[in-house]
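S.K.: Residues per chain, in single letters:
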Amino acid sequence: MKSHTVTLTMNVPTRMDFVNITQEVEKAVRESGVAEGLCLVNAMHITASVFINDDEPGLHRDYKRWLEQLAPFDASPERYQHNRTGEDNADAHHKRQIMGREVVVGITSGKLHFGPWEQIFYGEFDGRRPKRILIKIIGE
Amino acid sequence: MKSHTVTLTMNVPTRMDFVNITQEVEKAVRESGVAEGLCLVNAMHITASVFINDDEPGLHRDYKRWLEQLAPFDASPERYQHNRTGEDNADAHHKRQIMGREVVVGITSGKLHFGPWEQIFYGEFDGRRPKRILIKIIGE
Amino acid sequence: MKSHTVTLTMNVPTRMDFVNITQEVEKAVRESGVAEGLCLVNAMHITASVFINDDEPGLHRDYKRWLEQLAPFDASPERYQHNRTGEDNADAHHKRQIMGREVVVGITSGKLHFGPWEQIFYGEFDGRRPKRILIKIIGE
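If you read the sequences in order, they're chains A, B and C. Numbering follows numbering that gives the first Met the number 0, with no gaps: position 15 of the first sequence is 14. Numbering follows numbering that gives the first Met the number 0, with no gaps: position 125 of the second sequence is 124. Numbering follows numbering that gives the first Met the number 0, with no gaps: position 117 of the third sequence is 116.
FYI, nobody ran anything at the bench for these hints, they're computed from the structure.
Which copy? The list can't say, so a pair holds if one copy fits it or any two copies do.
For lysine-lysine, the following DSS-like pairs were computed, each having C-alpha atoms within a straight-line distance of at most 27 Å:
id, residue 1, residue 2
1, K26, K110
2, K1, K26
3, K1, K110
Sequences and hints are given; from them, build the entire structure.
M.R.: Below you can see the structure in the form of structure tokens.
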């Protein structure tokens, strides 16, 4: 069994944004030498997501508006008890649960086994500081 | 290490519906010859889900109503910017994020290691055309 | 390839609560002898979740309030058709979809490959009875 481990560091300049990391994951799969296996990609921080969806700017704007409706940013300690700790990012912990922590992608014949439109995104909900992503590949 | 790869093609005649695919996944596990390992099952399309829950028609109707409340179908370009691209399926991209893209199931003694009620479903949110599911099994 | 399988039994005395199971998962990883691999942790019941987030009581209270807004408990058969079966836990099946069924964590150098704040939680949405979690580790 082979394994390969890569961490990416993201530094998103805004509070919320989505970054396409598909090419970085494809590079890690090539480096791994794995032909058949599984590739885990996860946010290492709990106010961020890794998810698979469409690389379409209108959809990303829709997601941001929708997530803001489901879990609005509110730094006050009234709406979110988490913000009584001195944090202001309780909303980000909620948004991350909707969009998910991780994806697991099959590797077949040395490539990410994707459908026609699948792209991997880092979803940042409390940016403006460096945060990490883990890529862990196992297989043969 | 063994690996086994299967794709299923789904053709759901309505916009939204859930299809029990547990038997197809069990068949793939038997074919794989894997006794101990992991089984990834994921939608290959970004307006569909694979999830594990109960095979109970009332619950499925509840899910549909709830997802319609959280992310209503609306083909107009007003509610969803994604629909300015000529698509009408922005709601489906949102519903899929709630229900998830994939499940990973343990394989123990050659079988899906399930609790008493776990069943695997394909969740379609923009049907009426063929779409694919990936089953990727690794183990020994 | 090595594999290791552990089931935990949870008995949460309230309907909804979150329990930190990180130490139990770390113990299973040590027992496995796996240095490089993947660790799946999933709820074996369909009214419960396993998720990764912050071990902060205020945030957990926020999550409970938020989940109650998104999918309120209502034992009557009017709001949820699932409760026409004699069950009263339809809300729990919805809450579990928001928080997710499972996490997959990388194992590097014999340890869970975690970011600074990642902790694994069991999320119970229909407690007051024993329910199980599966830990499945594969690697080398």
